[in-house]
Every structure is written in structure tokens, then in C-alpha cells.
Amino acid sequence: MKKIGFTTTIPVEIVFASKNIPVDLNNVFITSKSPYKFLEYAEDDGLPRNTCNWIKGIYTAVMKSSVDEVIAVTQGDCSNTHALMELFENAGVKVHPFGYPFGLDDGYEYLRNEILNLCKGLDVDFDEVLEYKDRIDIIRKKLRHLDKLTVQGKISGFENHIWLVTSTDFNGDFIKYENELDKFIKEAEKRSNTGKKVRLGFIGVPTIFDDIYQFVESKGASVVFNEVQRQFSIPSTSDDFIQRYIDYTYPYDIFKRVADIKTQIVERKIDGIIHYVQSFCYRQIQDVIIKKSLDIPVITIEGNDPGNVDARTKIRLESFIEMLCERKNG
Amino acid sequence: MVDLGIDLGSRFVKVGLKSGDNIEFKLYDTVTFYRDFVKREGENIKINFDFLDTNAGRVVATGYGRNVLSFANAEIISEIKAHFKGAKVQTGCDNFTLIDLGGQDSKVIKVVNGFIEDFIMNDKCAASTGRFLENAANILKMQLSDIASSVDNPVKLNSTCAIFSESEIIGKIAEGADFRDIAAGVCESVAKRIAPLVKRLKSERYFISGGVGSIYSIRYFLEKEIGQSIEPLKNCQFNGCIGCLNY
Ligand code: SF4
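As they're listed, the protein sequences go chains Z and B.
Just so you know, numbering that gives the first Met the number 0 puts the end of the first sequence at 329, numbered straight through with nothing missing.
Just so you know, numbering that gives the first Met the number 0 puts the end of the second sequence at 246, numbered straight through with nothing missing.
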């Protein structure tokens, strides 16, 4: 059994079917005892200071041998991954490239090929993957239920974030994950509705701050939507395995994301959006389109280092929540 | 007995004292104010009202965020709220954009039908703030009041960072540029940094407040940038206090 790391969400069923352990490298970095050390390590190795810290975290996770092989998403995620992949190859790490189609016209065929290639690379039969799909679908369904409980105010935005963001690799063991999930949901269902006045959604890459949810929720707002984390859990209910990863919005263009966000704003009755962007991430440019396309207030928050939310960002967030509160009260 | 509205800025602490219909304003250096009038009492941090001749009534304060500020004997409101309220009370207007330029922060607040519609604060950059202007004045060995009237032949400054701008200013001096032209250039560069924020929150009417807001040449260049007139609030630097007193 090998540990197979990946740089962003991939069809994890393939890794399970190959009888290896999937490891989301982002999670290795951010849940480590001192994420800062990961950044220092990468910078000592020469990674530029003006590069996104997620990239540095992933780099160090691989270099410190957290995994045996790496699936690098070369298209549809971060262009920085290209250079990372080269660094890994240079260091003798086995890399499987994986790309999401850029144009969606013949996207289905493209993605099918990529998926079959990855199967070949990991030496697994596609039929076996489909067996794992059926098994893991049971968990995905529970995650959709968990997401619903969040909208109802029984599960906090932070809990929602953690469960959905860890569903990229199910912490390497989906059976254990499912057991814990069952327990959690059972407990949460008994809770009374803790929903607060103002309903917020987080969109954009997952935040590097470790207390932003707690801060926002302590100021009288509920986070009822985590855009990409929800996408990471592959919420599409299509029976077709390939189609599901076509429906997955994160690796494609911004317009697909915006359409998804707009639907969720209405369904979840969201009052305001926090667009989280990472310093030095090219996705910041898309903020322009997001602000234009959404017709509820959007605040853009930029994070760089792991750790607590800085004082300035707190002031901005607090004022944003206040503003939404007053609007709501008319 | 007086009610107090206190705006704890990064450079100055502004205090408004209200008894009846009468409001009096006081300005303190921030560090001096903390040294002389803020005391720790056991678990609590309290404002010591020794600077008053009478007893304090209701005390509302704003400043560097209620997350950072906590006083056992004052209510804290956010800066956005305080400035919005102050402008609303001072102007009697329900639809406007307020540009507040302070020691280290710039804020732009758009008000529609009497409610805050949106706001922007400068992020991680001091090059558009009072502190930057003060440093520039020091380098140029000019009074702020002289800088405030310099609007002709602005020298172009390209740096995007406060610190690098300072060395650029020294470079211009070395090239023999006129000091007043450099001063005008400094004001123009401040205005150029704020203009995009203002343009994002368009309104029919613009008001300006804060220490930097009272500087004529900043307003002059900012008006040029946005192509509309900007009205200074009457008590420009004390707008936050007025907001607190009316909260
Ligand atoms: S935050 Fe942006 S730059 Fe960083 S890894 Fe993700 S996509 Fe790439």
C-alpha cells in the first residue's frame, strides 16, 4: 500500500480502487503541527516569497516524504502545479499528471481519457473504480445531508468546512471516516437550530486562517455555504462517474462557478458573500467577475500566512456583518 | 456631566464632549493619550476621565476595531458605523459616499436611503494615508499647511509603496525639482491611490472627512481624478466622534 498524494481534488475512487491510500497534500500541510515550518522549508529550498503559501505547503509535504507518489493536477487547477511537478520529478518523486478539460465542448471525452490514464498509471481496472464509486456514494449522500443540516443551522460553518474539505481524501480511510461522520450527524441532528440572523457564504479557495469561521460566527453571522469545499465533496448526483467530475465546478471556468454560487445564494437565503482569496493566487483576478455577477454584497478577504485572522481583516469583516445586519433589519 | 464620543485613531485621539446642545472637541496625540488616560484596573482596561472637569455620562468609542479595543467603561462601535453616522448627522443627507482619510486608514462608505450600502477600506498599504503625508512633509521640511496648498505642476511619483515613495522624493530633490512641485506630486499620488476605491462606490454627492480629508490639495487632485466635486465635512477630523455621540 502506497500513499498517493494529490495537489487538488481528483477522482479519489481511483486511488481507493488501486488499494492505495489517498492523501490530500493541502491537508497534510494545514493540519500539521506547525504549518509555518513547511513554508520556511520551501523558502529555504528557493521557492519564491511571492508564491502562494498553499503551493509551498504542498511542496514541503512531498519533499518531507509524506507520500510515495503524487498525482499533480496540471489543468483546471493551479498553473503553479506545473512547476511543482517539475520540482518533484527532479527530486525523483513519481508523478502522475491529471488534467481537467479546459473547454467543455468535448470535455467529456477528454476527462474520460484522463481518468482512464490515471487508472492505468495506478494499475487499476475502471470497473473496479465503479464498484468503489457505489460504495463511496453512500458517504457522499451523507455529506449532502450534512450540508443540508448546515443550511438549517444545526451544523456550524466551520464543521461543514472541515467535513467537506476532508472528503477529498476521506482522511485516507473512508470506512473510518464514515463511522465518524455517522456519529457526528446523529449528534448534530439532535441540536436545536443555532442559526443566526445574518447568513453568509464563503466562496473561493479554502481559507488559510484557522479561526475565521469562529470569528465570523461570534459576530452574529452563520456560514451556511462553503462553495469549493462543497464542490470538493462532489455533490453531483449523476449516475455517470465521468459526468460527475464534469459537473464539479472548481476546475473549470469562473462562469460555471458563478452559476452554482447564484443558485446556492437563492436556495440558502444568503445575505452576503465572503470571497476568500489567497495572496499571490491568480484566482484573485476573478474577483472582478464575481463582484459584477452577484447581486448581494461581497467582501473580498485576502489571506497569506496560516494562523489567526489579523486585526484589519477582523475590522472589515465585523463592519461587513454589521452592515448586513442593519440592511436586514431595514 | 458630559457625554463623550471618542475616536481612537492611529495618530490622534479625537474626543467630543457634549453637554446639552453644546459640543466641544479635543485632540490628543494617540500615544500620549494612552500613556496618560488609559489605565489597567485588574482584569479591565479603563479610560481614566481625569482630563474632564466634570463627570462622564455615556461614553461611546470607536477606533482600531472593537476586537482590539475593549474598555470596561465605554461602549465600542465600529469605525464604519461611527463615520457613517457622523456624516449622516452632519449633512442631513441620506444618499452619499463618504471618503474618510485618516492617519493609517482610508475608508470609503456608500450610503443609500440612509443605510450603508457598501464600504471599502485600504488594505495593507499606507501610501495613501496621513502617516505617509507626514513623512513626506518631514523629508521636504515643509509644514503640512504648505503642502496643503500645493497644487501646481505636480511632480510625478511612480512608486507603489510608501517607503519607496520616500526614496523617490529624495531622488527628486536631488534632481533639483521644486519643493512645492514635489509636495503637489505627493498629494496627487495620494489622490491617485484613493481614486479607484472611490470610483467603485459612485454617488451623486461626495463628502470627505478625516485629518487628510481636510487637506485642500488632496481634495483638489481627488476631484480631478473622479471628475466630481467633493464637499469637506464641517468638523472634518471629528466626524467619528460626532458619530459616536449620536449613536
Ligand atoms: S490558492 Fe491559488 S495559487 Fe495557491 S495553490 Fe490554490 S489555485 Fe494555486
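Derived from the structure by calculation, the hints contain no laboratory data.
Bear in mind the structure is a predicted one, so any value in this text is a computation, not a measurement.
The C-beta atom is built at its ideal place from N, Cα and C for all residues, glycine as well.
It is possible that part of the hints are untrue.
Said to hold, decoys possible - DEER-style ranges, computed between Cβ atoms:
| no. | chain 1 | residue 1 | chain 2 | residue 2 | range |
| --- | --- | --- | --- | --- | --- |
| 1 | Z | D309 | B | E40 | 39 to 47 Å |
| 2 | Z | Q283 | B | E42 | 35 to 43 Å |
| 3 | Z | H144 | B | R34 | 52 to 60 Å |
| 4 | Z | I288 | B | D35 | 13 to 21 Å |
| 5 | Z | G45 | B | Y246 | 46 to 54 Å |
| 6 | B | K38 | Z | Q213 | 53 to 61 Å |
| 7 | B | E42 | Z | K32 | 38 to 46 Å |
| 8 | Z | Q213 | B | F114 | 22 to 30 Å |
| 9 | Z | K290 | B | G91 | 25 to 33 Å |
| 10 | Z | I284 | B | S228 | 52 to 60 Å |
| 11 | Z | D43 | B | S166 | 23 to 31 Å |
| 12 | Z | D43 | B | S228 | 48 to 56 Å |
| 13 | Z | K189 | B | E40 | 42 to 50 Å |
Right, here's what the structure says about each hint:
In this structure, D309/Z and E40/B break the distance hint of 39 to 47 Å, their C-beta atoms being roughly 28 Å apart. At about 42 Å, the CB distance of Q283/Z to E42/B agrees with the hint of 35 to 43 Å. About 57 Å separates the C-beta atoms of H144/Z and R34/B, a value consistent with the hinted range of 52 to 60 Å. Between I288/Z and D35/B the beta carbons are some 51 Å apart, a value that contradicts the proposed interval 13 to 21 Å.
The supplied range of 46 to 54 Å is met by G45/Z and Y246/B, whose beta-carbon atoms lie about 53 Å from each other. The hinted window of 53 to 61 Å between K38/B and Q213/Z is violated, with their beta carbons roughly 30 Å apart. A hinted range of 38 to 46 Å for the beta carbons of E42/B and K32/Z is inconsistent with their spacing of about 32 Å. The hinted range of 22 to 30 Å is satisfied by Q213/Z and F114/B, whose Cβ atoms lie roughly 28 Å apart.
Take K290/Z and G91/B: their Cβ atoms lie about 31 Å apart, and the range 25 to 33 Å holds. At about 33 Å, the beta-carbon gap between I284/Z and S228/B misses the expected band of 52 to 60 Å. The hinted range of 23 to 31 Å is satisfied by D43/Z and S166/B, whose Cβ atoms lie roughly 30 Å apart. Between D43/Z and S228/B the C-beta distance comes to about 54 Å, which sits within the given range of 48 to 56 Å.
Between K189/Z and E40/B the C-beta distance comes to about 43 Å, which sits within the given range of 42 to 50 Å.
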